[in-house]
Amino acid sequence: MTNVTDRMRTGVASRSLSPGIDVGVGALGLLSGGVAAWSAAGVEPSEIGDSGLAPALPPVFWVALVGLNIAFVLSLGRRVAPWLPPTLVSGLLLLLYAPAGMFGEVPRNAVAWRHLGVADAMANGVFDSHIDVYFNWPGFFSGLATFIRASGLPALDVAAWAPVLNAALWSVGVVAVLRTLTRDKDAVWMPLWLFLIGNWIDQDYLSPQALGFFLHLAVLAMALAFLGARVAGGVPGWVNFWRVGTRVPEHDDPRLRRLTFGLVLLLSASLVCSHQLTPVVLAGSLAGLVVVRRSWTPLLPLIIGLLTVLWMLYPASAYLVGHPIFGAEDADIVQANLIARVDGSPGHQAVQGLRMAFTVGIWLLAAVGMVQSWRSGRRDLRPYVLAVVPFLLLPVLTYGGEMLLRATLFSLPFVAFFAARPLARLRPRWRQTSDKPTRPSNARAVLFALLLSVLCAASVAARYGNARFDMFTAAEVQAVNRLHELAPAGSVIVAGAASTPWASEDYSRYTRRSLQSLCELDFTPRACVGTLRDLAYHEASDGGITLLLTRGNQASLEMQGQMSDDEFARFEEGVRVLPNSSLLFANRDARIYHLGSPSESLEGATGEAR
Amino acid sequence: MKLGDVRPATWPARLGQMERGAAAVFALGVLMPLLALVQPIQPVRALAAASLLLLLPGLAVARVLRADDPILFLLVACSSSLALTVLTATGLMYAGVWSWQLNLVLLGAITTAVAAITGLANVRT
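Going down the list, the sequences are from chains G and P.
Counting from 1170, one number per residue, gives the positions in the first sequence under the working numbering.
Counting from 87, one number per residue, gives the positions in the second sequence under the working numbering.
Next comes chain G alone, as it looks inside the complex (with noise of 0.2 Å):
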């Protein structure tokens, strides 16, 4: 175990304040997350345009966000009672996480009511890796499936709420992790408070990756602090780390580094049949331990690299075919993790902006923190290297263009953790009085707190910055339930792009397409009309095809630069007058077609949608 640097001690008051003040923190934290997250609930969907969340939300939700950093500051720089930081995390977690349950009428992001229609299928026996990836990997939907019956929550309340309840459980992963680095109160808080600021990832809504994150931040915390190993008799530095003095277990107990070595294996296990990428990189990050001579098990991590392959190898194999994890990437890396992504109208744009200037913000800072903590004379490389390992992954691993933002996930702890550092210096220095400490020096306080509540604003409008497209009305969801009503059973319906609120039931009941998978090649509304017209023809025999387009749907298409409002216009006007096709049903938000099999008069009617 070791003590973070002096820097990180200075100016640290050795006595607590008199509980009083702790219980004003407090209270003011709590209060300030929780008026966030009401304040949150009063925004309308239709106040919220390109840019997101953030322009719509009301100006006491930005009181309480100062508010609560500075409640957060005032907690720094001394001791506290030991429930002060986790109430403030508290506050924090209401203020960023709490407002996906608040505001809206349904939970948002499309792919959570997805996962909830997995579950919902193997609830009722659907068990069947041919169906999709999911059945191949079932251990989250099967433990949800049970989770949802068991209690009798409504399903729709459990997936708006998993973003709190994983985000804390996230934090209790963190601190713990952070707690086998250093017993430093600041060095573990204040690194928990960037990674939750910095979280704008958005992979913490009910998902097997938000369960994966969580189980393999344990498996780090357990084997780092069970089964950790240092090297004793040396001092070893950047060339000669591997050879200097004798690796000794950090544990002496073999009995409980057994028992730990039982229970890593036991949750590694849970991890295999849940999620296809977070193995891999707990693998990774372990061995990255390994080579570093910081772990007692150089085993482990071929041990659950062995379950990984032998998972895909028989119960995943099914979904292998065809589906490589391994290799490089159909398109260039950064063409697929990057550039792909920032692209659509202007608002958008500058939300992806603001992303990557504030993760790359982060990193900066990180950076700053690792030449600091190495010039400070600290060698424990297991920071360094839980940072680094994600990153080294990406060239390896395909994952839909997705990589980059969940190596940033995996790598963010540790990022935080360095990234603390030179913000530590703005700690407010507490004058002592006799033996207490009084107030600190309300310069160094205000900036820190101004520092932090500008981060805390770029991560809420980084974070929700889709949520014009990724929150759904009740117009729009009782558009789907109609459509489920009107579809014949077996059919294919196919939505106006990926963000629709659909499949949470009879998962397996239909085939879902989006446009925006069918249009891919051509977003032009006579081709679109022209690609949904062929489609309807190739299932005729089925009974055609039943098409819901809804706001989100527009907002998506226009949002990411596929389709303007005034061409998906021309492009529902086209869907109207192709034969056979007659509207369905329409509210506030939504209309469903159905197209039947075209006649010699199609090619007339979709040159009306040029």
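Read the hints as simulated data drawn from the structure, not as lab findings.
Yeah, the Cβ is synthetic: ideal placement off N, Cα and C, and Gly gets one too.
Careful: at least some of the hints might be erroneous.
Claimed, not checked - Okay, the calculated beta carbon distance ranges per label pair:
hint, chain 1, residue 1, chain 2, residue 2, range
1, P, P129, G, N1756, 31 to 41 Å
2, P, A109, G, N1293, 33 to 43 Å
3, P, A109, G, H1420, 24 to 34 Å
Given chain G, put chain P in place with the hints provided.
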């Protein structure tokens, strides 16, 4: 049996000597599945199910590790519970016998078994 030999304690007697924490987990491992299975009103049902799926089996496991750090203890308890929930549910799915009731009973059995083993390990025969 010779004079001076100590007669091994019977199982009920040993259960009675179990340390308080392990006994509490043991009792909850029996009580919570039963409570969830009778489907009482909310939020009792949700709390009973959630405690069994997210906390209790791992609590029994975490006590074995005797982690000093309360955060690490909580992490081990929650992660082990989730892992056991995932593994038992997936196992039942592959076996074609999944039902949430059976899953709860299985997790309750694991909780009581681990709590009993760890609790009794400290009881002298």
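Cross-check of the supplied hints:
In this structure the hint that P:P129 and G:N1756 lie 31 to 41 Å apart at CB holds, the actual value being about 34 Å. A beta carbon spacing of about 39 Å between P:A109 and G:N1293 agrees with the range 33 to 43 Å that was offered as a hint. Here the CB-CB span from P:A109 to G:H1420 is close to 28 Å, well matched to the stated 24 to 34 Å.
The structure agrees with every numbered hint stated previously.
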